[in-house]
Amino acid sequence: MKQTLTEKIISNHAGRKVKAGDIVFADVDRAFVQDGTGPLTVKVIKEMGKGLNRPERKYFFLDHASPSSKSELSDAHKVLRDFTSSTGAVLSDVGKGICHQIVAEQYALPGELIVGADSHTCTAGGIGAFASGFGSTDIAFAMATGKLWLKVPPSIKVTLTGKLPERVSAKDLILTLIGRISASGATYRALEFTGEGVENLSVESRLTVCNMVIEAGAKNGVMPADDRVSEYIERERGCKVDFERLRADEEAEYESEITIDLDNLEPVAAAPHSVDNIKKLDDLEKENIKVDQVFIGTCTGGRIEDLEAAARILEGKKINPSVRFAVCPASEKVFMDALEKGLIRIFTESGGFIVTPGCGPCVGIQGGVMGKGEVCLSTANRNFKGRMGCPESDIYLASPQAAAASALEGKIVSPLNAG
Amino acid sequence: MKKQLKGKVHKFGNNISTDLICPGKYFHLRSDIKKLAGHTLEDADPEFIKKVQPGDFVVAGENFGCGSSREHAPLIIKESGVGAVLAGSFARIFFRNAVNIGLPVMELDTSGMESGDELLIDAESGKVKNLSKNTELTATPLTGVMKDILEAGGLKEYVRKGL
Ligand code: SF4
Chain V
1 MKQTLTEKII SNHAGRKVKA GDIVFADVDR AFVQDGTGPL TVKVIKEMGK
51 GLNRPERKYF FLDHASPSSK SELSDAHKVL RDFTSSTGAV LSDVGKGICH
101 QIVAEQYALP GELIVGADSH TCTAGGIGAF ASGFGSTDIA FAMATGKLWL
151 KVPPSIKVTL TGKLPERVSA KDLILTLIGR ISASGATYRA LEFTGEGVEN
201 LSVESRLTVC NMVIEAGAKN GVMPADDRVS EYIERERGCK VDFERLRADE
251 EAEYESEITI DLDNLEPVAA APHSVDNIKK LDDLEKENIK VDQVFIGTCT
301 GGRIEDLEAA ARILEGKKIN PSVRFAVCPA SEKVFMDALE KGLIRIFTES
351 GGFIVTPGCG PCVGIQGGVM GKGEVCLSTA NRNFKGRMGC PESDIYLASP
401 QAAAASALEG KIVSPLNAG
Chain D
1001 MKKQLKGKVH KFGNNISTDL ICPGKYFHLR SDIKKLAGHT LEDADPEFIK
1051 KVQPGDFVVA GENFGCGSSR EHAPLIIKES GVGAVLAGSF ARIFFRNAVN
1101 IGLPVMELDT SGMESGDELL IDAESGKVKN LSKNTELTAT PLTGVMKDIL
1151 EAGGLKEYVR KGL
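Protein chains in written order, with this note's numbering: chain V, 1 to 419; chain D, 1001 to 1163.
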């Protein structure tokens, strides 16, 4: 039986060879929750009357309200602090960063099966893992038993050719793909990326692409791990790891196939209020859309390569005075790297401000909540109505380069025409 | 789970996200499901919570529940008294969460249903009678583990009963 990469990874965790459509109870390598989903998971684990299976591989991230902006949220944080200290599970406290960034930086290994109570758990597919998001109760089950039931998804093969042009980013790649297949175009499916284009993408870019497969409804996105992944792990964790180079079989069965040529990609944005409402930035620029806030950050667009790309455009310049410009490094590690590279100074001198590593304003809790009638250009992954705290505001999603260029101009522009 | 469900339709469109169902701005209320339920579907229809009666149905188009993994979305729909959610299709995580917490979800063609229609649902056979329009449809049946979990009343109960 010829297998896709997703089928191979799940097989290794199910103790038998599986194919799309099979239902299995799979062994879980790592499971995590965040501060929004975690308290419910803790409650369910207690009600199930079970302890934690392998607590050292169960992670509790305080990232959404980082730091807490309300007493109820501080209470929820306390529930998670108490639970981790009594069970020996891993706590990642306020200020350390976003769950998906830390899982990729510090924990995930190629070929692993990782589940999290957050929809963007699929991010770790960029490391070569099978990673997927679930609800609090499923994760309670996984944490208590070390297993989770899964239906093996059929895969869509996405072949990438070429190389990203200057000022065109992984964000443009995934937005273009979602625009082509729609916000539900991969529901229940795996998106398997392959081809020389993948090898040409940095690991940071791979994480960004896999992060957003859920915006097309996918269960997971996965890219075969290579030397770049081992270099990334060594750089971030300071240690070498060995892993098996899993690849899909030549004649694996795919439900459909898509090819994207990176050389021909253009800067795009998702216009309000849905992520598949894709427009060319060149066209949006003609519409003269003023922005009130520009936000660079999140588990999609807050990695070091994102901050570097934005800073290159901003260096020595001042943003438009009508813009609030928030920069939120995805993790403490990203923040420290940005400090070292002088990026924090560039952002601050250009007129921006730095938000504590975490989710920041992405989900409308703190750090830059929108007001009525306002427009935000964000490097995040969701522009649903109300996402940033106000249903009467507009969110455009685009690359860090587009965000920097638009902050300078005070309106939405293509990074190819600016600076 | 009740076998026969009867109630009125509250109709919604396509791509109803978990942000519309359970707005992020009420993130701090997540440990208080009763309070949070007072905001169910608020950003999709601010009047919904005043109109909904126990046993009513949320009926939507495609991709219901897309977006975040927050289980609070199906939880507050259940808490607000809704008997079942019917949609043309569901986002994966929402569907699974709903089954795990014991909220019936049914996938079928909802294009002919309108707000105010009265439905009679037989949960076991998946038959949905529209009493107002005198039509009948059958939902895609649940199978395997999902069916066992819903029948147990949710994943917690399923675990308690010993898998
Ligand atoms: S940064 Fe935004 S999308 Fe990412 S985990 Fe946080 S809230 Fe979710």
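Rather than coming from a laboratory, the hints here were simulated on the basis of the structure. Computed from a prediction, not measured in an experiment: that's the story for all the values here. Be careful, since some hints might not be right.
Chain V is faced by these chain D residues, among others (derived, beta-carbon under 8 Å) [as the list claims (entries may be wrong)]: (1) HIS1039; (2) ASP1043; (3) LEU1131; (4) PRO1141; (5) LYS1147; (6) LYS1156.
Positions of the beta carbon are idealized from the N, C-alpha and C atoms, including for glycine.
Earlier hints that do not hold, by number: Of the numbered hints given earlier, those the structure breaks are 1, 3, 4, 5, listed in rising order.
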